[in-house]
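Q: Chain by chain, the residues run as shown.
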Amino acid sequence: MLEAIGLECVRGDRRLFRDLSFGLEPGRLLQVVGPNGCGKTSLLRMLCGLMAPVHGEIRWEGASIRSLAEDYLATLTYIGHLNGVKDELTALENLRISSALGGTHVDEPAAVSALEKMGLGGREMLPAKVLSQGQRRRVALARLLLTEAKLWLLDEPLTALDKAAVAFVESLLAAHLEKGGLVVLTTHQDLQQPGLGTRRLELGT
Amino acid sequence: MLEMLRWVIRRDLVLAMRRRSDVLTTLFFFIIVVSLFPLGVGPEMNLLRTMAPGVVWVAALLASMLSLGRLFSSDYLDGTLEQMLLAPQPLSIVVLGKVAAHWLVSGVPLVVMAPVLGLQYDLAADALLILTASLVLGTPVLSMIGAIGAALTLGLRGGGVLVSLLVLPLYIPVLIFGAGAVEASASGLGAEAYLSLLAAFLVGALVLTPWATSAALRISLD
Amino acid sequence: MNFRDIAWFKYSSPASFYFLAGKMIPWFWAAAAVFAVAGLYIGFFVAPTDFQQGEAYRIIFIHVPAAWMSMFLYVVMAGWAGIGLAFNTRLSSMMATALAPTGALFTFLALWTGSLWGKPMWGTWWVWDARLTSELILLFLYIGFMSLQAAIDDPRRADRAGAVLALVGVVNVPIIYFSVKWWNTLHQGASISLMQAPTMAATMLTGMLVMALACWMYSIAVALMRVRCIIVERERHAQWVSEMRGQLK
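Residue numbers (the working numbering), protein chains in the order written: chain L, 174 to 378; chain Z, 407 to 628; chain C, 120 to 368.
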């Protein structure tokens, strides 16, 4: 389904990895691990097409993601290191706009209920600048409840989250895999939930 | 596609309204620069009248350039720009939406203010009309060309000064025909040719610049 | 097969180009010297004294070729940069980077000699002549290109960002030239153009063409030297560079 073939990543003067190949089938989760600066974020940015690999190719259902362009983007959701949450907008506005950018138009009640499930009930109308770091992360992750994308690319989704939120996000991942979705995520934490069809990819070794 | 355009414009307008001081800063910069010239060259009305179109246009150029910093950089810093690049729509649409919002916020106030400043320079009523018309056609071009420079310098040290170096030479044709329109009408030559050329620039920029800006954004985020 | 893995021709790899360029540079220097001597000889001794402008006109033997080169090099630079952007060929982008300072130098030279010529012709160092003004704007474009590339640390991003700027510039240059010309006629009426010498003697034209050839050869030689420096700098971790360093020791 998702295939990476012979990827090479160079940042500045350093070659972070080369000849990196893997494949991921529906219903599976790929956990990318490794020390800081080993290219985890770069790999994720390559997988979503933000960054072009120096060598190698990424394929989705057999076709290169370069040639698929917007069709590929429609099948994925990427939540990066940065939350993409605007200080001046309310949690609700942030969620609706980021969903719209991702191609899913969400009406207000649906967005409110997603935020409630993420544990932000009653804070929908607060501007994001008064939210804590973990709460902003939740606003960003709330998009996962609304998206119809098949491929989730998550960069450190669990940072700054408390235990309850981590468990909730893991249950979301499990539900997504259940439906035949694919997940690639980077994290330093070990995933607690059993039954996540986890494969590990170690970088920087 | 139109849906996306609407979302982007609306979002940027909401953001601008919640950061009103930024918008006002650009406008006051424009007003102050235009008002400084008589203090520098003396209050001789005939001289001021001939200088007015050029002064107003140069000030508009500088004001529009100053506001370019806001166009992409805050979205770049908080990660929203990544999400925009990943939107399953042509990136040009997002760019067009952002530039349109930028023009509404930074260009339109200049257009509205220009006739008032023209009065300081004792411009005749029809010259004021032509000045406003030239700004209506020209300032969107400034926003669109400026967007390329803003996208290229994203995240670079000294990006603000650099962007002026890249963008100001490219503004020259707009300056020449914008200010030229007012001068031509003042000297009785008729400004139609100038205004239609500005309109042609507008159409050309509309077709070409979103594409160049998208390419620049992809390069800057690579 | 990946598009950029195709070996277009042997010397598109920086390493082999480095050595090829090293062999070519002396020849281009020699050609530049020969043409320059011949061109200057024609310019100073063969070409007749102009009956209107006296001896001062002889500066066109530098001025006109420099102005030609400045515009031509911008187009060549944009061309290389565009190829580098489209096909991801590193060497083409390096060529663009290497050409920029030479182009800027010729632009400056054209401005300087134009101003030196303006003094005896019009009695001022600077006139807002359409050609001089366009040349000045061209200098700004070159400076913008070089500053943008200098501000970006990552060479790949620098190449590609510079390419977008150069291409935008190359689309704009005709528009700028046309608008400056329009502006000039509106404000000054018909002005004396530097190029419209009333009787351009055939020897003058020959002199200018030979000098233009000299400038060509010089530009190629200097660009190749600069490209060699850029190659070594960017490939400093590659094996062939360390081998070469080993031989030098």
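These aren't lab readings, by the way, just hints derived from the structure by calculation. Every residue, glycine too, gets a C-beta built ideally from N, C-alpha and C. A few of these clues could be false.
If you want the footprint, here are the derived chain L segments under chain Z, 3+ residues with CB under 8 Å [unchecked claim]: (1) 187-201; (2) 251-257; (3) 329-341.
A few chain C residues facing chain L, derived, Cβ under 10 Å [to be verified]: (4) E174; (5) R177; (6) N207; (7) P274; (8) R355; (9) E362; (10) Q366.
What follows is a list of derived Cβ distance ranges for each label pair [said to hold, decoys possible]: (11) C/F206 <-> L/G200: 26 to 34 Å; (12) Z/T431 <-> L/S305: 49 to 57 Å; (13) L/R191 <-> Z/E409: 38 to 46 Å; (14) Z/P496 <-> C/T304: 37 to 45 Å; (15) C/L139 <-> L/R191: 41 to 49 Å; (16) Z/W617 <-> L/G235: 53 to 61 Å; (17) C/A205 <-> L/E198: 48 to 56 Å; (18) Z/P449 <-> L/S305: 56 to 64 Å; (19) C/R364 <-> L/D192: 42 to 50 Å; (20) C/L139 <-> L/E321: 53 to 61 Å; (21) L/R188 <-> C/A321: 25 to 33 Å; (22) C/S132 <-> L/P300: 50 to 58 Å; (23) Z/G566 <-> C/P167: 50 to 58 Å.
Q: All hints are to be evaluated individually against the structure, with a verdict given for each.
A: Cross-check of the supplied hints:
Coverage of the segment 187-201 of chain L by chain Z is violated. Counting CB-CB distances below 8 Å, 0 residues qualify, and the rule asks for three or more. Counting residues of the segment 251-257 of chain L whose beta carbon lies closer than 8 Å to any beta carbon of chain Z gives 6, which reaches the threshold of three, so the coverage claim holds. Counting residues of the segment 329-341 of chain L whose beta carbon lies closer than 8 Å to any beta carbon of chain Z gives 0, which falls short of the minimum of three for the stated coverage. The interface hint given for C/E174 is violated, since its Cβ lies 55 Å from the closest Cβ of chain L, which is over the 10 Å cut-off.
Nearest Cβ of chain L to the Cβ of C/R177: about 51 Å, over the 10 Å cut. The hint is violated. Checking C/N207 against chain L by beta carbon gives a least distance of about 8 Å; that is within 10 Å, so the hint holds. Interface hint status for C/P274: upheld, as the beta-carbon distance to the closest one in chain L is roughly 9 Å, under 10 Å. Annotation: C/R355 was flagged as interfacial toward chain L, and the flag holds, the nearest CB pair being 8 Å apart, inside 10 Å.
For C/E362, the interface hint is violated, since its Cβ never comes within 10 Å of a Cβ in chain L; the closest pair sits about 19 Å apart. Taken as an interface hint, C/Q366 does not check out: its beta carbon lies about 23 Å from the nearest beta carbon of chain L, beyond 10 Å. Remark: the range hint 26 to 34 Å for C/F206 to L/G200 is contradicted by a beta-carbon distance near 39 Å. One distance hint, 49 to 57 Å for the beta-carbon pair Z/T431 and L/S305, is violated here, with the actual separation near 30 Å.
Between L/R191 and Z/E409 the beta carbons are some 42 Å apart, a value that agrees with the proposed interval 38 to 46 Å. At about 41 Å, the beta-carbon gap between Z/P496 and C/T304 stays in the expected band of 37 to 45 Å. A beta carbon spacing of about 28 Å between C/L139 and L/R191 contradicts the range 41 to 49 Å that was offered as a hint. Checked against the hint of 53 to 61 Å, the C-beta distance between Z/W617 and L/G235 comes to roughly 29 Å, which is inconsistent with it.
Roughly 35 Å separates the CB atoms of C/A205 and L/E198, a value that falls outside the hinted 48 to 56 Å. As the Cβ distance of Z/P449 to L/S305 is approximately 57 Å, the hint placing it in 56 to 64 Å holds. The hinted range of 42 to 50 Å is not satisfied by C/R364 and L/D192, whose Cβ atoms lie roughly 27 Å apart. Checked against the given bound of 53 to 61 Å, the beta carbons of C/L139 and L/E321, roughly 55 Å apart, stay inside it.
In this structure, L/R188 and C/A321 break the distance hint of 25 to 33 Å, their C-beta atoms being roughly 60 Å apart. The beta-carbon spacing between C/S132 and L/P300, approximately 55 Å, falls within the hinted interval of 50 to 58 Å. A beta carbon spacing of about 54 Å between Z/G566 and C/P167 agrees with the range 50 to 58 Å that was offered as a hint.
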